[in-house]
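Spelled out from the first residue to the last, the chains are:
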Amino acid sequence: MRNKPSKILVEEACRTSRLVEKLRRNLPAAQFEVVETISDSPLRDPRRLEVVQFRGRFLKSCPGTRHYFCCGYQILHFGVQCSLNCTYCILQAYLNHPNLRIFGNQEDLFRELRQELATHRERLYRIGTGEFTDSLLVDPWTEFSRDLVPFFAKQPNAVLELKTKTDFIDNLRDLDHRGHTLAAWSLNAAPIRRREETAATTIKQRLAAAKKVAQWGYKLAFHFDPMIEYPGWREGYREVLDRLFSSVDTSRIVWISLGAFRFMPELKPIIQRRHPGSTVIYGEFIRGLDGKLRYFRDIRVELYAWMVDRIREVDAHICVYLCMEGEDIWQQVFGFSPQERGGLPAMLDKAVETRMGIAPR
Amino acid sequence: MNSIHEDLTINDLDWQDRTFALFALEPSAELRTSLQRHGILSPPWIWQKPNGSRVIVDGFKRLFWARREGLKTFECLIFPQDYDPARLMIERAAVKLSGAPLNTAEKSQLIARLTDHLSQQELLRLYLPRLGIPAKPGAIGKWVRLAASPQELLTAAACDDICERAALQLADWEGESQKSMVALLKQLRCSSSIQCEILDRVKEIALRDSIRKEQVLTDPAITDIILDETVNHREKTQLVRARLYRRRYPRVAAREERFVRDMNAAGLPSNVKILPPPSFEGATWQLQLYFQNPQQLMEMLQDLKHSVRTGQFAALIRP
Ligand code: SF4
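Protein chains in written order, with my numbering: chain G, 1 to 361; chain C, 1 to 319.
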């Protein structure tokens, strides 16, 4: 299996954790080392997996800004970094801990989660794990999904989204998910996948995995994020949409998000240094209201409107949303603003209710 | 064994040996005047090599002047053959660092020479700060590459025709592209920030379009600007920048041009200005009014109300 860690560095506090126990069982050939604390180091090693005691809050709000509409998603912070090494990845900016790091004190994570969900029973929580790492990249060895999915199955007011670029889905088979877990894939045009996501699975593999989990009763989501403008982007994205819709039944798709590539200016020299062959940063980027570089608005509108039209041709009711865009772009792409529909979080809650049949009591 | 003062004849020197030479321009006007008036005041350093030849360590400009002037002998400081050349280079660096500020080319060659004798850490910690260079990882490599660059680039950097940042970037450009850019920047004589902007634009256009950088520079539109004898170097700079901007950001530029056209067509009075959001991002536009008294303001507001009602404004701010 690709991306298999072979060096496991464990903080003393996590030595006897269930997570480490599972890692020892699933990675018998790996070299384990226990240290008091794992200090930051800029040395990148894709085979290394660090298990640390996390002392912050596990549940965080999606880092939206006031300038653009945010989906109101909650991030379940179970680890950081990713060894898939996509050229555009924001995680490259975390220079001081470049290696995969998973939090060993998962009991604390579940405690916090249980408490939070119980405190606001009236509210629907859409929670995802794929913000600071890939949701399933180390799942074959951590088996985290085997705890997480059944946990969410029992939460009346929460759904879990596992977002990945892998096909590491085996742990999801036979889990009692009760329709509370969405398996989600980031998709991109095949030329972008080949050039910029070299270590991730192919689009074909992702869609085959999506098809399988759909057969296991999971709902699906897809994220075209980051969308990249390149010569021939229409054909590229058309092809992936065609493949998507011929692989899965659209009624199983709860939402599709679209997000044009945007990045912190500090990431540009990092990408130039780490991926000199990548040209993703040379589009027509302007400084957005949040300080990030993003495509000039007309380009974003063109990308989104084109995608929305293609998706609507196949399923007019699927929830399609824009990640971190403003009123003017929504108006131009959809002809309405999320505010007219109660806000973007409410639109997504509605999609959960309609397509997953879940709503807080 | 230490150095000794001695008189040497000019012809005793090995003029071909450049072991200790740094890139140097002609002596400055001040140095030339001083040499003419007082001759060589501080004795050059010479190393007596184990093979017997005598190599200039420090004082190249003075000695070249002396040779040109036909001087036969000069007083110098001789370092004996068992003197460690590494130590000599480091001592020469110390002298250089305490003297007049070094030009970019000299800095690069000093760093390159010192890399043979000092560790990266020593260089970063002790020397780069004294040269006014931020001690960042990777800095030494960049300077060493500049030191090894062709004469055109080094001369342009030494004369400040090309700023330090641009010179360091250009050191990594391939032959023809580097040559074309050096020639362009020498013509434009623009500020450092504009030099770097031009470099970035050319580089990014080339990378985006998968073409060589010199293809961007030999774009007929750029060539025409350069050859145009009716415009001065400042105007040329602006024209080159505008051309590169339009090529790098065609749609943003087109939108800006459309806005200017729409503004002109709207025929708003000169004391009313509409400003789009920066880069047309977001939906917040600005209106600026210039007035002298309440009465004038009132009249302007009435006119504006009319313009808004008739859709003139909507046309201006349409996406
Ligand atoms: S899969 Fe996601 S988290 Fe991993 S490198 Fe790619 S963009 Fe980053």
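Since the hints were derived computationally from the structure, they do not count as laboratory data. Since we're looking at a predicted model, the values are computed, not measured. Even glycine gets a Cβ: it sits at the ideal position worked out from N, Cα and C. Any given hint could turn out to be false.
Covered stretches of chain C, going by a simulated chain G footprint (3 or more residues, C-beta under 8 Å) [said to hold, decoys possible]:
1. 249-256
2. 278-290
Just some of the chain G residues that point at chain C, by a computed CB distance under 8 Å [as the list claims (entries may be wrong)]:
3. G232
4. W233
5. D298
Are any of the numbered hints broken by this structure? If so, which, sorted upward? The structure breaks hints 3 and 4; every other hint is satisfied.
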